[in-house]
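Engineer: Sequence:
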Amino acid sequence: MNDGTGDASQASVFGRLPLTIGEREYGNPGAHATCFAYAIATWCFLVGSYAADLVGAVEGTVCLLAGNVIGVFLTTMPLSLGCQRYGLEQMDFCKTAFGQQGSHVLLLFYLVNMLGWSGLLLVMFGNGIYNIGNALEMHPGKWVVGAGVALGIWLSYLIALRGVHRLGMVNNFVTPAIGLVVLYMLYMLFSNFGWEAIAAAEPLDPTPDAALNYAIVLELGIANGFSWWGGIGFIARNTRTRRAATYPQILQLGLASGIVSSIALYSALVVGSDDPTEWMVPLGGIAMGVVALAFVALANISSTALSLYASGLALRHVPVLRHRPWWQIIVITIVPCSLFVFWSQELYDFGDAFLAYNGTMYAPISGIVFVDFFLLRKQRICLRSIFDNAPHGAYHYWKGFNPLALGGVVLGQVVYFALYNPATGEAHWLFTYMPASLAAFLVPALLYWAGMKAARVPVSHTPRGAADGLLAPNI
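Its first residue numbered 14, the sequence shown is counted upward by one per residue in the working numbering.
In short, the hints are calculated from the structure, not lab data.
Since we're looking at a predicted model, the values are computed, not measured.
Even for Gly, the Cβ is constructed at its ideal location relative to N, Cα and C.
Hints may contain errors.
Here are the computed distance ranges between Cβ atoms for each label pair [as the list claims (entries may be wrong)]: (1) Pro-295 <-> Asp-222: 45 to 55 Å; (2) Asp-222 <-> Val-427: 19 to 29 Å; (3) Ala-307 <-> His-441: 39 to 49 Å.
All chains should be modelled from the sequences, with the hints used to inform the complete structure.
Structural biologist: In structure tokens, the structure reads:
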């Protein structure tokens, strides 16, 4: 006899209902493993290769480490603490600042981020297959890259279909393997070249302005940190303690990602290529290079599956999709990724501009959510009101939108592009002193705080008893 418990659990794990502690997948080791696999397998290799175009090893290491940690800390703190405490998916969590309908505007940004990175990872997977073929002297045609993207979509679909538990099983295998690959790359770099040669290597394609090169790479590091906004809430929601929600995100997505990005920077500088899949064989030889490429390819599939799963949860906010079968939701998420099958290299070449664009999206959102959760609401929200779309709801604001928050996002993007245009490379002189992402974080955050105070917008978390009665927060 079905008592409804299984249905409720499915609605939480594959839907938007708050997760209870018993439904959460990750303890501290699991959260570290997932964050480590997610960081290493995804864009840190790409970020390091982009940095190699502009700066050398020493400058790049400073920028990537500092930038990653700063960006991750600012975007992680409200999401990891709030989503973990209340078991919320982050689109729901953001309703406290943006309103019931306003959070749907963020959904578009969220999907562009998650599915855009998924496409780039799938091209890396296809490039890995292509370079394995070249290493084995099979000399495949470039069509193999597109075919590899299609294969990666299918594999990612199969993993995402089974939920967080299957993702955890895959990461338990992938994480140690990819960690060994990174250590082996580092060993081969220092044994074959040495630090002096790495430090002396010239950037691949710098601009004439050395200060601008430095500023752009610092911006890439910070924007990379903010880019994790799309996955932070999903991971935190599935952790059992606040420690497991916070420390793995900062240490792995921030520090470890910066370290691996730096190793990727060194590899690109000495090999002379900004394509991460072209480093493995020159650094490790044919046998070890092919093995390394295979593990990196698997890790990219794991990260893509995680992105598809998180995107599927976000799509549950669309009313017509709210009760659709989970497999149909995942199919919808892979439709945009199919573009990378046909225009693999063309879309892949926009990766550095896309990374900076994430800073324009998530820096102002992060600033507003940071101020809203810590300064205005003192880390307390009304959980029941998150799911109350009635006009009298605590987070309804004006017709479901909070104009102050949405206006802040627009203002943040204006501030960002006034300082730096990632598409054209044009920069204001202030950009060498103030990273565009930090300005886009601070200006909207301060104006949102001042606007909410001046307008006397109610920010109370009452009825407190109703919220705690629905799901006791995990303090």
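Engineer: All hints are to be evaluated individually against the structure, with a verdict given for each.
Structural biologist: Consistency of the hints with the structure:
1. Checked against the hint of 45 to 55 Å, the C-beta distance between Pro-295 and Asp-222 comes to roughly 31 Å, which is inconsistent with it.
2. The supplied range of 19 to 29 Å is met by Asp-222 and Val-427, whose beta-carbon atoms lie about 24 Å from each other.
3. For the pair Ala-307 and His-441, the beta carbons lie near 45 Å from each other, so the given range of 39 to 49 Å is met.
The structure fails to meet hint 1 from the earlier list, while all remaining hints are met.
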